[in-house]
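Full structure from sequences and hints, please.
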Amino acid sequence: MKLILASGSPRRAELLERMGLSFTVQPSNTEEILEPGLTPRQEVMSLSRQKSEAVRATLQEEAVVLSADTVVVLDGHILGKPADEEDAVKMLTALSGRSHLVLTGITVSGPKGTVSDCEETEVFFRPMSQEEIRRYVATGDPLDKAGAYGIQGCAAMFVEKLVGDYYNVMGLPVCKTGLMLRKAGIPVLGETV
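Under the working numbering, the first residue of the sequence shown carries the number 2, and numbering increases by one thereafter.
Source of the hints: derived by calculation from the structure; they are not laboratory data.
A hint or two may mislead.
[To be verified] As a list, the in silico DSSO-like pairs of lysine-lysine whose alpha-carbon atoms are at most 30 Å apart:
1) 3 with 184
2) 91 with 3
3) 3 with 177
4) 162 with 3
5) 177 with 82
6) 177 with 113
7) 82 with 162
8) 184 with 113
9) 177 with 162
Given below as structure tokens:
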């Protein structure tokens, strides 16, 4: 069965490659429609489902579509990607010396049906000075990432600890994704499904 990653995220593609999976990339390029009244957990699952459905609608063959949406949640509010450098500084300042949640909604859609789930990781940042926040923002790294940081880069030095799946903070919880793909008929670790 063919696997399609409905995401242009190089981090998600890298994680699937590390899992030893063969796949093609087809970003959804769909407008994200937020439904009022959803919790952050429900929202990321809804957005991942929208991405999956948009790609499935274009397919001419049987395939399994994997999509994901990741957000950072602080005090119940979603921190998306920063609008600019000053927005990134504000986000990182708010995260400094505190814990926050990283939520990733995952949808796997194929001939056996569509399933969505959510992974949650709590991340604890050490206190950061304004100077180091501004130096980090000047690297450009935080500008395309939810919550204005990427744990796989130099922002890792801000993380004191985390509780949950490290790969979830990168954008794709590998353990949960592998189990969901297996149920959808995608062989994992060379097994036959």
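Verification of the hints:
As the CA atoms of residue 3 and residue 184 are separated by approximately 14 Å, the hinted pair is consistent with the 30 Å bound. Straight-line distance between C-alpha atoms of residue 91 and residue 3 comes to about 42 Å, which puts the hinted pair past the 30 Å bound. Restraint check for residue 3 and residue 177: the C-alpha separation of about 19 Å stays at or below 30 Å, so the hint holds. The straight-line distance between the Cα atoms of residue 162 and residue 3 is roughly 37 Å, outside the 30 Å bound, and the hint therefore fails.
With a C-alpha separation of about 24 Å, the suggested pairing of residue 177 with residue 82 holds against the 30 Å cut-off. This hinted pair checks out: residue 177 and residue 113 have alpha carbons roughly 17 Å apart, not beyond 30 Å. Our distance criterion of 30 Å between C-alpha atoms is met by residue 82 and residue 162, whose separation comes to about 22 Å. Among the hinted pairs, residue 184 with residue 113 is consistent with the structure: their alpha-carbon atoms are about 8 Å apart, no more than 30 Å.
Only pairs whose Cα atoms come within 30 Å are accepted, and residue 177 paired with residue 162 is accepted, the gap being roughly 21 Å.
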